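Protein chains: 2
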Amino acid sequence: MTRSQEFELSHHISRRAANRQIRPFMKLYPMPADMVPHPKPLSLGGGLPNHGFFPIDSLDIKLVSQPVFNLQGNQSQKTAATEKFSINRFDEAGVGALDLRSALQYEFPGDGHMELRAFTRNLISRVHKPAFENWDCILTNGSGNGLDKIADLLVNEGDVILVEEFTFPLTLQNIVERGGIPFPVKLDLSSSETSNGLDLGYLTDLLQNWEAQQPSLRRPKAIYTIPTGQNPTGLAQSLEFRREVYDLCTKHDLIIIEDDPYGYLTLPSYERDQTHRREASPRIDVAEVDNYLQAGIIPSYLTLDTAGRVVRCDSFSKLYSPGLRLGFIVAHAEFITKLSKFSEISTRGYSGLSQAVLLNSIKHWGTRFSGTLSQTDCDVYGWLSWVMKVRNVYIHRRDVMLDALYGSEAFSRSLIQPLEPKAGMFVSVKVNFTEANGPRGHHESVAKLMVEFVRYGILVVSGSDLCVDDEISKDNANFFRLTLASSNCDEEIVESINRFTHSISQYFK
Amino acid sequence: MTRSQEFELSHHISRRAANRQIRPFMKLYPMPADMVPHPKPLSLGGGLPNHGFFPIDSLDIKLVSQPVFNLQGNQSQKTAATEKFSINRFDEAGVGALDLRSALQYEFPGDGHMELRAFTRNLISRVHKPAFENWDCILTNGSGNGLDKIADLLVNEGDVILVEEFTFPLTLQNIVERGGIPFPVKLDLSSSETSNGLDLGYLTDLLQNWEAQQPSLRRPKAIYTIPTGQNPTGLAQSLEFRREVYDLCTKHDLIIIEDDPYGYLTLPSYERDQTHRREASPRIDVAEVDNYLQAGIIPSYLTLDTAGRVVRCDSFSKLYSPGLRLGFIVAHAEFITKLSKFSEISTRGYSGLSQAVLLNSIKHWGTRFSGTLSQTDCDVYGWLSWVMKVRNVYIHRRDVMLDALYGSEAFSRSLIQPLEPKAGMFVSVKVNFTEANGPRGHHESVAKLMVEFVRYGILVVSGSDLCVDDEISKDNANFFRLTLASSNCDEEIVESINRFTHSISQYFK
Chain H
1 MTRSQEFELS HHISRRAANR QIRPFMKLYP MPADMVPHPK PLSLGGGLPN
51 HGFFPIDSLD IKLVSQPVFN LQGNQSQKTA ATEKFSINRF DEAGVGALDL
101 RSALQYEFPG DGHMELRAFT RNLISRVHKP AFENWDCILT NGSGNGLDKI
151 ADLLVNEGDV ILVEEFTFPL TLQNIVERGG IPFPVKLDLS SSETSNGLDL
201 GYLTDLLQNW EAQQPSLRRP KAIYTIPTGQ NPTGLAQSLE FRREVYDLCT
251 KHDLIIIEDD PYGYLTLPSY ERDQTHRREA SPRIDVAEVD NYLQAGIIPS
301 YLTLDTAGRV VRCDSFSKLY SPGLRLGFIV AHAEFITKLS KFSEISTRGY
351 SGLSQAVLLN SIKHWGTRFS GTLSQTDCDV YGWLSWVMKV RNVYIHRRDV
401 MLDALYGSEA FSRSLIQPLE PKAGMFVSVK VNFTEANGPR GHHESVAKLM
451 VEFVRYGILV VSGSDLCVDD EISKDNANFF RLTLASSNCD EEIVESINRF
501 THSISQYFK
Chain Z
1 MTRSQEFELS HHISRRAANR QIRPFMKLYP MPADMVPHPK PLSLGGGLPN
51 HGFFPIDSLD IKLVSQPVFN LQGNQSQKTA ATEKFSINRF DEAGVGALDL
101 RSALQYEFPG DGHMELRAFT RNLISRVHKP AFENWDCILT NGSGNGLDKI
151 ADLLVNEGDV ILVEEFTFPL TLQNIVERGG IPFPVKLDLS SSETSNGLDL
201 GYLTDLLQNW EAQQPSLRRP KAIYTIPTGQ NPTGLAQSLE FRREVYDLCT
251 KHDLIIIEDD PYGYLTLPSY ERDQTHRREA SPRIDVAEVD NYLQAGIIPS
301 YLTLDTAGRV VRCDSFSKLY SPGLRLGFIV AHAEFITKLS KFSEISTRGY
351 SGLSQAVLLN SIKHWGTRFS GTLSQTDCDV YGWLSWVMKV RNVYIHRRDV
401 MLDALYGSEA FSRSLIQPLE PKAGMFVSVK VNFTEANGPR GHHESVAKLM
451 VEFVRYGILV VSGSDLCVDD EISKDNANFF RLTLASSNCD EEIVESINRF
501 THSISQYFK
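Those protein sequences? They're chains H and Z, same order as listed.
Position one of the first sequence corresponds to residue 1 (our numbering), numbered consecutively onward.
Position one of the second sequence corresponds to residue 1 (our numbering), numbered consecutively onward.
Don't read these hints as lab results, they were simulated from the structure.
It cannot be assumed that every hint is accurate.
Repeated chains share a single entry, so a pair holds when one copy, or any two copies, can fit it.
[Said to hold, decoys possible] Below, simulated DSS-like cross-link-like pairs (lysine-lysine); rule was C-alpha separation at most 27 Å, straight line:
hint : residue 1 : residue 2
1    : Lys430    : Lys27
2    : Lys221    : Lys448
3    : Lys448    : Lys40
4    : Lys509    : Lys40
5    : Lys129    : Lys40
Please read all numbers here as calculations on a predicted model, not as lab measurements.
Whole structure, please, built from the sequences with the hints as guidance.
Structure follows, in structure tokens:
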């Protein structure tokens, strides 16, 4: 579609977002036609403090060259290989980085500094280029905030939003906050080999027979999915599968809310034989990034989207750090305009320090490719070279965890079945409960097993915790979500899995 | 009041905020009474990345010792007197500062890191101690975000919120967003000597005769005021005046929303004779801070509040930098609980980098007082010693601007009358329009004069821009708001005022 065409999906914008008017700060004063404005006006207008009031003159930042674990106290200063760069009051190099003078200032209308927004556009163009033209990116205060803004954009009172039956619970809250109704769609948890997460047959049937099955509810207006490294299951949808879902959503006019905090953390197939595992390289070159771009990442729904039907929620939390409070949304420009208005009256901007530290880190990582690549690609490749280092740790930790699970007595006794994750930071493990299910299905057994986990000292989250509707999920809530993210070292992962599997062995004694 | 008493103002909580339920992330699993939990549990539960994934190992921060202006490029690195400190991955000194390991991590439920919240409580205890017991502080993403959250807390559809007739327009937007009705209260702009801003007689009459005068509207439930350095007028309410307003609000059961971004930037009386002006000291000692605390700051409405009627919105934007996106709200703990729930589903936290840089700056400034003061007071005095340096610049700039205004031809011809500001960053200047007012009152003349400002190259904001209701304010919208904040140097302020006053002189030619 071209920019001149009308956006055919604008009927999905909530009444709240469609009707929101932002009062301009100043009135519009008509100027006489013959008036010649002063060529160099001065301003006593806005309330922006001069940067001379800002106490910070410069930041020197030391980055580790690799993620490093199990550090304590001043050990980190000494043992980790590090590299340094500075952020000054003025960007003298003029490389389009964010200097302190700008980063510490107000930013209007509050959608993120243009330098970082430009990077997000370049990244998406390179990695997940939308198949429609009139798209844009806007920053958020992290993905959780982004999902709240997307709910504001789309959800009217009484609107039905389809969600995966096990999912990130705060999104449900954002939907309910606007009077929306999250409606669960079954997941296929039969096997991590064949499953794409969403049960496509179930979804197709649900949409085909909605009026008959759900006479009291409106037809769904959107589906919320975590397509890569689904939380909690760790499953991922193949590109072919996404095409089928996209076509189904087109047929039934559903918006696709793609929540993708883990999409860069794809996990190649698990090799049980350790000698077959590839060694991660400490330095990452252009060819490796190219290979990752071509074969390592599952393309976003955006890449299939010819209509502006996909609203993608992206995050820097899992790849740089949650404390930045930075993420971004990719969507049709008309959606972005509405999201921007909501930001202007709610969050009113994001930390300029976070933005400057993130963007200057990216530019620092990019310098390694300068001469070889364009400035734009330097930034993207620099960023991805760090992302790949993070991903390598997740791949390694996944191996450590699955090794321990498959080596356990519980596995050899067929008490557990890991769902090998395709991406992200979670390994889900199904437990083969043998007791007859009561009316509460697996929830009953899960609650009993949770007692054993507390006894043996291992905290986990259950599928039962994260299901949208206890009744609908009662027969496949027999799994536990184990994170790869938080342990200090491999030994801690192994010890944690030992406690987890031992608890289960004891439970079935 | 004591904590055990019921909060008598909880009926002011909006239905939205009162009914909001946050679904817990995990279910509550009942544990058998005889179960002994493992003494050292490990966690595979949450999704928090280990800090080993965070690329930043340390930040070295260079602060200027004083605000410094008119710097360019690498000049700032060379000419400004600076001091340095570091933020490391681990807070080894253990002084309660925020280290990178915590700052870069998720923070739950998203109300700000406890270390910075503790500082805000200490600051308020020292400077504006509430007269009720059960109060607390919660961070915001800057005051604009704080005001949005306060609107969520209080405003139901159809609620009337009183506001100053000229005010910060985004707050109106936050009220309207919830279906509330901002209703203007007249300001007394007769003279900066005698005015406290709000026209108390008007307000008293309005509340006394509300049903008769406004039969179609509900009784007001709150008043929104910027009591110190009112935007745009620069006026301030004396403590005695606040007591009268507070008593009136008690009588009519109004919540007081105190927006106080400029409260620390009080401006002592303007001395026209330059030889009578005091010299600002470059180093600020304990006695000076004590003097500022006792005589330099107008106590907040909180200090009069025995009931939890005041909700105070505070900001670090004007004192440290807007790009931090950090402010805080002080209110009754029951209000804070509701604000926290809203934060949990909307902003979901604030930049840990901003919080760490701010808190560690405060602790750095505080070290100068260590040995003399308690750790808690070191932080407060350290912070205030920086604030006083910022304030000294505003006092100086106010002098420069008023000198230029009073020295102008426009003033000598009685065309203008500055309202000498009591606090904040704005000087408002009334223009004595002589033409007969048409049905649009002063708005017509303001629009014509704005043309001259564009012609002569000076951007200003008009009272007309910032009035809530054109009709109500048409006879006192004859003023312009000039900022002290944004100019690069004194010479720029003088040149700006020359253009401003010259435009007016020309207009009246």
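Hint check results:
Taking CA atoms no more than 27 Å apart as the test, Lys430 paired with Lys27 passes between copies only; the shortest distance there is 18 Å, against 62 Å inside one copy. For a Cα distance limit of 27 Å, the shortest separation of Lys221 from Lys448 qualifies neither inside one copy, at 38 Å, nor across copies, at 50 Å. Taking the shortest Cα distances, Lys448 and Lys40 sit within 27 Å of each other only across copies (21 Å), while inside one copy they are farther apart (75 Å). With identical chains, the CA atoms of Lys509 and Lys40 are at most 27 Å apart between copies only, with a shortest distance of 24 Å across copies and 84 Å within one.
In this assembly of identical chains, Lys129 and Lys40 lie within 27 Å of each other by CA distance neither inside one copy nor across copies; the values are 41 Å within and 48 Å between.
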